[in-house]
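J.: Kindly produce the complete structure, drawing on both the sequences and the hints.
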Amino acid sequence: MNDNTHFAIYLSKLGKIKINYNETAVTAINLVTDAVEIKEANHSALSEQAFQQLSEYLEGKRKTFDFPYELNGTEFQKKVWKALLDIPYGETRSYQDIAAKIGNPKGARAVGGANNKNPLLIVVPCHRVIGSSGKLTGYVLGLDQKEYLINLEKTNQPMTNIIHEPMYIPIHKSSAEHSS
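With UniProt numbering applied, the sequence shown corresponds to residues 1 to 180, in that order.
Please note that the accuracy of each hint is not assured.
Calculated pairs, DSS-like style, for lysine-lysine (alpha carbon to alpha carbon, straight line, at most 30 Å) [stated by the list, open to error]: (1) Lys101 to Lys154; (2) Lys101 to Lys79; (3) Lys106 to Lys117; (4) Lys63 to Lys13; (5) Lys117 to Lys101; (6) Lys78 to Lys154; (7) Lys154 to Lys13; (8) Lys146 to Lys101; (9) Lys117 to Lys61; (10) Lys63 to Lys82; (11) Lys135 to Lys146; (12) Lys13 to Lys61; (13) Lys117 to Lys135; (14) Lys63 to Lys135; (15) Lys117 to Lys16.
Computed Cβ-Cβ distance ranges for the label pairs, DEER-style [said to hold, decoys possible]: (16) Gly134 to Glu23: 41 to 51 Å; (17) Pro105 to Glu23: 33 to 43 Å; (18) Glu147 to Glu59: 14 to 24 Å; (19) Leu143 to Glu23: 35 to 45 Å; (20) Ser132 to Gly15: 24 to 34 Å; (21) Gly90 to Asn4: 33 to 43 Å; (22) Ser133 to Asn4: 38 to 48 Å.
Just so you know, these hints were derived from the structure itself, not from any lab. Virtual Cβ for every residue (Gly too), placed ideally from N, Cα, C.
T.: Here you go:
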């Protein structure tokens with residue numbers, strides 16, 4: 001991360017959500033599964049707004065997101081991610097559907113690769129993309145989470161036990177940093 005990028009960690013039923021942001025926009029949202037980066041978590045009005053909207057989504061109270069965000073990736077990835085934003089809440093599309101939509105009808109595997117690099121989980125709804133047979137396939141958070149998010153949108157049943165307080169995680173320096 002560059003010096004202008006910050007992050008905040010929040011605890012939700014999905015797990016620890018990490019929100020990266022700069023001065024003007026959210027740049028990434030993902031789950032923390034490993035040790036947190038060696039940098040102090042820094043909550044801001046922007047990270048609070050993003051987390052609030054994610055919480056509302058997980059409670060079945062929000063279908064779209066309007067906090068400022070940036071999509072950083074290759075031109076192909078951005079084209080795929082923009083196509084994902086067109087998938088209506090509660091609906092799914094196949095990788096092949098997305099490939100055709102972006103003008104690359106034989107590019108279903110490449111669409112899957114771009115989905116895997118999606119920096120804004122849930123906000124850019126890669127969880128709404130399924131196999132052409134209708135089966136759930138690949139999701140960075142696992143198929144159980146993908147199924148949960150799809151069912152949440154289809155049934156609009158709220159997710160419970162969202163913790164709205166920021167979670168501060170102790171940061172430990174790596175051995176490489178101790179020796180410098």
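J.: Against each hint, give a clear statement of whether it holds in the structure.
T.: Structure-based check of all given hints:
Proposed proximity of Lys101 and Lys154 is supported: the alpha carbons are some 23 Å apart, at most 30 Å. The straight-line distance between the Cα atoms of Lys101 and Lys79 is roughly 10 Å, inside the 30 Å bound, and the hint therefore holds. For the proposed pair Lys106 and Lys117, the alpha carbon gap of about 19 Å is at most 30 Å, so the pair holds. As the CA atoms of Lys63 and Lys13 are separated by approximately 18 Å, the hinted pair is consistent with the 30 Å bound.
For the proposed pair Lys117 and Lys101, the alpha carbon gap of about 19 Å is at most 30 Å, so the pair holds. Pair hint Lys78 plus Lys154 holds up; C-alpha atoms about 26 Å apart against a cutoff of 30 Å. The suggested pairing of Lys154 with Lys13 holds, with an alpha-carbon distance near 19 Å, which does not exceed 30 Å. Of the supplied pair hints, the one linking Lys146 and Lys101 holds, its CA atoms being roughly 22 Å apart against a limit of 30 Å.
A distance of roughly 27 Å separates the Cα atoms of Lys117 and Lys61; the hinted pair therefore holds under the 30 Å criterion. With a CA separation close to 16 Å, the supplied pair Lys63 and Lys82 stays within the 30 Å bound. With a C-alpha separation of about 11 Å, the suggested pair Lys135 and Lys146 falls inside the 30 Å cut-off, and the hint holds. Straight-line distance between C-alpha atoms of Lys13 and Lys61 comes to about 16 Å, which keeps the hinted pair within the 30 Å bound.
Of the supplied pair hints, the one linking Lys117 and Lys135 holds, its CA atoms being roughly 21 Å apart against a limit of 30 Å. Restraint check for Lys63 and Lys135: the C-alpha separation of about 23 Å stays at or below 30 Å, so the hint holds. Taken as a hint, the Lys117 and Lys16 pair is honoured in the structure, with Cα atoms around 19 Å apart against an allowance of 30 Å. Separation of Gly134 from Glu23 is about 43 Å and conforms to the stated range, judged on CB atoms against 41 to 51 Å.
The hinted range of 33 to 43 Å is satisfied by Pro105 and Glu23, whose Cβ atoms lie roughly 40 Å apart. Separation of Glu147 from Glu59 is about 18 Å and conforms to the stated range, judged on CB atoms against 14 to 24 Å. For Leu143 and Glu23, the Cβ-Cβ distance of about 36 Å falls inside the hinted range of 35 to 45 Å, so the restraint holds. Checking the proposed 24 to 34 Å range against Ser132 and Gly15 shows it holds: the Cβ atoms sit about 30 Å from each other.
At about 36 Å, the CB distance of Gly90 to Asn4 agrees with the hint of 33 to 43 Å. At roughly 44 Å, the beta carbons of Ser133 and Asn4 sit within the given window of 38 to 48 Å.
The structure meets every hint from the earlier list without exception.
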